[in-house]
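Participant: Residues per chain are reported as follows:
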Amino acid sequence: MLKEKNNALKESDEPDGLEQGRRDFLKHALTSSAAALVAAPAVVGASAEADNPDADITVAEYFQGHFLLMSDEEKKKSIARLEKRYSAQYKKKTTVSDVEAPDGVLFGYALDISKCIGCRRCVYACVKENNQSRHDPTVQWIQVMKMPKGNIAFSAENLDKGYPRKSEFGDYGVQVGGNAYKTAGLSTEDAQNYYNDDAVPDKDFFYMPVQCQQCEKPPCVKACPVRATFRDHAGVVLIDYNWCIGCRMCQLACPYHARRFNWGEPNLPAEEMNPKTHYFGNRPRMRGVMEKCTFCVQRTREGRDPACMEACPVGARKFGNLLDPESDVRKVLATKRVFRFKEEYGTYPKFFYYIG
Amino acid sequence: MKEENSRRSFFKRVAAAVGMVAAAAGTKTLISRSIDSNDGASEKYAADVAAQEKAVKANQLVVMTDEEKQQRIDDLLNFHRQEIA
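In order, the protein sequence lines correspond to chains R and V.
Each residue of the first sequence is one higher than the one before, starting from 1 at the first, in our numbering.
Each residue of the second sequence is one higher than the one before, starting from 1 at the first, in our numbering.
Simulated from the structure, these hints should not be mistaken for lab results.
Worth double-checking, as some hints may not be accurate.
[Stated by the list, open to error] Heads up, incomplete: computed chain R residues facing chain V, CB under 7 Å, no partners named: (1) L30; (2) L106; (3) D136; (4) P137; (5) Q143; (6) M145; (7) T188; (8) E216; (9) W263; (10) G264; (11) F341; (12) K342; (13) Y345; (14) Y353.
[What the hints assert, rightly or not] Okay, the calculated bits of chain V under chain R, using three or more residues with CB under 8 Å as the criterion: (15) 5-17; (16) 74-82.
Ideal placement from N, C-alpha and C gives every residue a C-beta, glycine not left out.
Build the full structure now, drawing on both the sequences and the hints.
Facilitator: Shown next, in the form of structure tokens:
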């Protein structure tokens with residue numbers, strides 16, 4: 001009996017016993033790892049599934065590349081994933097278009113500040129069309145500035161009364177006389193964004209809606225470290241929301257601060273969601289990505305006008321093709337008093353303010 | 001003796017697996033607590049809007065002369081042609 005016990009002890013002290021222990025340990029580790037691998041996605045995906053009916057789609061999205069660099073097949077898959085997810089999430093058939101910009105077009109915009117009445121209908125139309133977060137946070141791509149009328153520091157009547165006058169050698173601008181001793185322009189001092197008037201327009205003020213200037217030389221595009229934001233061949237600056245890393249460099253680079261960052265999870269009620277979307281335009285965005293005015297890419301790429309322009313009750317907004325001399329924008333540039341920002345930083349905005 | 005051992009090792013495995021899952025869940029909760037929180041989002045958004053207002057106030061609109069307008073159109077069209085080319 002004692003001999004047997006001693007033998008057993010001896011056996012357990014032998015290298016075989018050690019090997020057994022190591023094997024057991026490895027077995028335990030493998031079992032635990034396998035269990036964790038099986039369980040972890042379920043745990044991690046549990047909350048995602050509460051918001052997102054198909055968590056796998058989200059995982060696939062993490063691994064997709066820049067939309068512009070995808071093959072046609074990859075684009076199709078990506079669009080199908082988004083349509084499936086949005087349709088389930090918002091409980092309505094949602095389409096995500098990837099229609100390309102038309103050829104032979106350079107989009108430009110003009111806004112008549114003498115006509116704008118500050119009603120903010122353009123703001124609300126933009127929010128509705130572009131699926132912006134409704135509250136907490138509220139995201140708006142257009143801000144309407146209210147400014148005292150005294151800020152216009154030039155007289156249209158005096159504009160051509162300066163010296164030297166126009167000659168066959170050209171118009172050298174106002175130098176003496178006319179508006180020479182005043183700032184020939186419009187001061188934005190005392191501008192206020194959060195006005196809450198009972199009735200508009202206030203007769204002592206004028207209104208200036210501000211939005212992305214769609215620069216021809218956009219500094220935001222240069223600043224983006226991953227090329228998530230880019231300029232399409234129709235001159236519109238767009239963002240691949242899935243490629244954006246949320247570093248906000250573009251926001252810092254924009255001299256007009258026209259970009260909006262999704263600080264929180266966007267709050268878009270299903271009943272208010274616009275189901276006709278574009279990949280680079282109004283499809284629902286996620287937290288942590290940048291967004292901005294796209295000239296309603298989902299509309300303009302199909303030959304329609306931007307929502308803000310359609311909503312304007314006084315026709316203060318003009319949109320068109322800068323390559324076409326007969327377009328509204330070109331006509332405005334040819335015939336109206338057009339302003340430019342004093343400090344443009346060489347960005348060449350394609351959004352013009354004018355007085356009709 | 002062997003039976004007891006195998007039962008013990010089974011319970012050990014179960015305990016280890018449960019421990020791993022609990023750890024994963026705990027880590028996920030910790031991470032998502034900070035990610036899912038919308039705290040201060042409205043204030044941050046308002047700060048972005050205020051920055052835009054400040055940028056507009058600091059700037060000024062000046063009237064373009066006819067030459068300037070023509071120059072602008074020419075520049076825009078040239079840049080566009082270069083981009084397309």
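Participant: If you test the structure against every hint from before, which numbers come out violated?
Facilitator: Numbers 1 and 13, in rising order.
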